[in-house]
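So you can see what is in the structure, the chains are spelled out below.
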Amino acid sequence: MHRSTLLAESLAVLGKEVASELRRRVALNAIGLFAVTTLVAVAYQIGPYGLAEQDRPFLLSALLWIILFFAATAGLSRVFVKEEDAHTAKALRLAARPLAVLYGKLLFNLLLLLALEAIIVPLYCALMGFAVKSVGGLVLVMVAGGAAFAVTSTFVAAIIARASGSNALFAILALPLLLPLLVAVIAGTRAAAGSPELLAVFPALRAVVSLGGVTMVTAILLFPVVWRD
Amino acid sequence: MVTVRFRDVAKRFGGQRVLAGVSGELRPGRVLVVAGPNGSGKSTFLNILAGLLRPSRGDVQYLEDDRVLDQEDWYPTLGVAAPDMALYEELTAFENLQLFARLRGVHAHDHAALLEELGLAAAHHHKPLGAFSSGMKQRVKLAQAVLHRPSVLLLDEPSANLDEDGHRRVAGLVTRLRSEAAIAVATNDPREMAWGDASIDLAG
Numbered sequence: 002m003h004r005s006t007l008l009a010e011s012l013a014v015l016g017k018e019v020a021s022e023l024r025r026r027v028a029l030n031a032i033g034l035f036a037v038t039t040l041v042a043v044a045y046q047i048g049p050y051g052l053a054e055q056d057r058p059f060l061l062s063a064l065l066w067i068i069l070f071f072a073a074t075a076g077l078s079r080v081f082v083k084e085e086d087a088h089t090a091k092a093l094r095l096a097a098r099p100l101a102v103l104y105g106k107l108l109f110n111l112l113l114l115l116a117l118e119a120i121i122v123p124l125y126c127a128l129m130g131f132a133v134k135s136v137g138g139l140v141l142v143m144v145a146g147g148a149a150f151a152v153t154s155t156f157v158a159a160i161i162a163r164a165s166g167s168n169a170l171f172a173i174l175a176l177p178l179l180l181p182l183l184v185a186v187i188a189g190t191r192a193a194a195g196s197p198e199l200l201a202v203f204p205a206l207r208a209v210v211s212l213g214g215v216t217m218v219t220a221i222l223l224f225p226v227v228w229r230d
Numbered sequence: 082m083v084t085v086r087f088r089d090v091a092k093r094f095g096g097q098r099v100l101a102g103v104s105g106e107l108r109p110g111r112v113l114v115v116a117g118p119n120g121s122g123k124s125t126f127l128n129i130l131a132g133l134l135r136p137s138r139g140d141v142q143y144l145e146d147d148r149v150l151d152q153e154d155w156y157p158t159l160g161v162a163a164p165d166m167a168l169y170e171e172l173t174a175f176e177n178l179q180l181f182a183r184l185r186g187v188h189a190h191d192h193a194a195l196l197e198e199l200g201l202a203a204a205h206h207h208k209p210l211g212a213f214s215s216g217m218k219q220r221v222k223l224a225q226a227v228l229h230r231p232s233v234l235l236l237d238e239p240s241a242n243l244d245e246d247g248h249r250r251v252a253g254l255v256t257r258l259r260s261e262a263a264i265a266v267a268t269n270d271p272r273e274m275a276w277g278d279a280s281i282d283l284a285g
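Chains as they are written, first to last, in my numbering: chain E, 2 to 230; chain X, 82 to 285.
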């Protein structure tokens, strides 16, 4: 009886996701289209001079995360539904450990989100004149926020994969989990924009890591049941 | 070697009875044919044997050297090919086998030889499955089911969509594997029924 390691299985699932996405570009197109459209619309309507100076850190932080949040939601929610729709889930269930599937798909969503952030955030800062005083702080918030969003989106996507009307269900289930996260990452981004001190982002960062951590532990405990049943 | 023992396996979907109390054993070196008309529960029964569906009544046990395996330990021993199971259409035949070999922890395997044994010419090995006919996909699906040399092989209509040559090749594969695996074949095809050492008829 052969058995692969959990790491090797997770990387195999990740490799499959990347290869599939590079050929089909379903998530890339959905995320890219939404992100670029909203970014251009916001930049065109508000631009670097459309906000009062005292409102800029908060409003620009909120707008940035609204763009990232909805763009990510458009792409990440399909990571499990596409397996059910294409009838490939059965083969994957038989060949891979549940946690390898979770980790592989989570890593894929994380890569997708980090790539989205790497493109959108510098563009947004340039188009909106968003001056960030602590670039290191912003990077920390982006990475931690991206990871927490990826964990939450992947887990909710797994829960809704076999339900009919899964898109609507994703929004309903994800909202209470993602809303506090959104509030925390906006606070962290605002702190990075307003203060050159790296420590300024730590309170928000703690909240992001805590929320992401709790969701991750819940996912590790519940996903095998959700995936097998 | 793994033996699969099933006792009084029944399944209901809502109010509808699909399986009513099936008992028996799947033993290494033997082929069990599961026969019955459409809708008699053949695929449901194989899904229950694979641990993909929970029976409404009864139980299934996997025994290795008289030790009962936990359900998570069933999967590495299992190979399954079924009509409701698809592979990745955007990946090539070879990439699909590579993926499942990695997931199964099979490090050295000649995917090309296996695909050719099932009648898929080398020219097609590096083409995406999306460009394949149903019969070609079925050959890749069967290759995926056996590449890790499973101890338990569950084949649901294995010759579906295959031509005469394909049917002969699947028969050859079953003959080659029957000495090392416990095999169940769900079918209505009289040629596939002839492979069996024992049979269960779900018609009643």
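No wet-lab data here; the hints were simulated from the structure. Bear in mind the structure is a predicted one, so any value in this text is a computation, not a measurement. Cβ coordinates follow ideal geometry from the N, Cα and C atoms, glycine included. Careful: at least some of the hints might be erroneous.
As the list claims (entries may be wrong) - To be clear about the criterion: a stretch of chain X counts as covered by chain E if any three or more of its residues have a C-beta under 8 Å from a C-beta of chain E, and this derived list gives those stretches:
id: 1; segment: 154-166
id: 2; segment: 239-248
Said to hold, decoys possible - For lysine-lysine, the following DSS-like pairs were computed, each having C-alpha atoms within a straight-line distance of at most 27 Å:
id: 3; chain 1: E; residue 1: Lys91; chain 2: X; residue 2: Lys218
id: 4; chain 1: X; residue 1: Lys218; chain 2: E; residue 2: Lys134
id: 5; chain 1: X; residue 1: Lys218; chain 2: E; residue 2: Lys83
id: 6; chain 1: X; residue 1: Lys208; chain 2: X; residue 2: Lys218
What the hints assert, rightly or not - Distance windows between CB atoms, simulated:
id: 7; chain 1: X; residue 1: Ala204; chain 2: E; residue 2: Arg4; range: 32 to 38 Å
id: 8; chain 1: E; residue 1: Leu124; chain 2: X; residue 2: Asn269; range: 58 to 64 Å
id: 9; chain 1: X; residue 1: Ala194; chain 2: E; residue 2: Arg25; range: 39 to 45 Å
id: 10; chain 1: E; residue 1: Leu34; chain 2: X; residue 2: Gln142; range: 34 to 40 Å
id: 11; chain 1: X; residue 1: Asp282; chain 2: E; residue 2: Arg25; range: 51 to 57 Å
Cross-check of the supplied hints:
1. 154-166: Check passed, 8 qualifying residues.
2. 239-248: Since 0 is below three, the answer is violated.
3. E:Lys91 x X:Lys218: Since the Cα atoms of E:Lys91 and X:Lys218 sit roughly 16 Å apart, the hinted pair holds (cutoff 27 Å).
4. X:Lys218 x E:Lys134: Since the Cα atoms of X:Lys218 and E:Lys134 sit roughly 56 Å apart, the hinted pair is violated (cutoff 27 Å).
5. X:Lys218 x E:Lys83: Holds, because 19 Å separates the two Cα atoms, which is no more than 27 Å.
6. X:Lys208 x X:Lys218: holds, 11 Å
7. X:Ala204 x E:Arg4: 32 to 38 Å: holds, 34 Å
8. E:Leu124 x X:Asn269: 58 to 64 Å: With Cβ atoms ~60 Å apart, the hint holds.
9. X:Ala194 x E:Arg25: 39 to 45 Å: Violated - the Cβ-Cβ distance for X:Ala194 and E:Arg25, about 30 Å, lies outside 39 to 45 Å.
10. E:Leu34 x X:Gln142: 34 to 40 Å: Hint violated: Cβ distance 51 Å, outside 34 to 40 Å.
11. X:Asp282 x E:Arg25: 51 to 57 Å: For E:Arg25 against X:Asp282, whose Cβ atoms are near 43 Å apart, the range 51 to 57 Å is violated.
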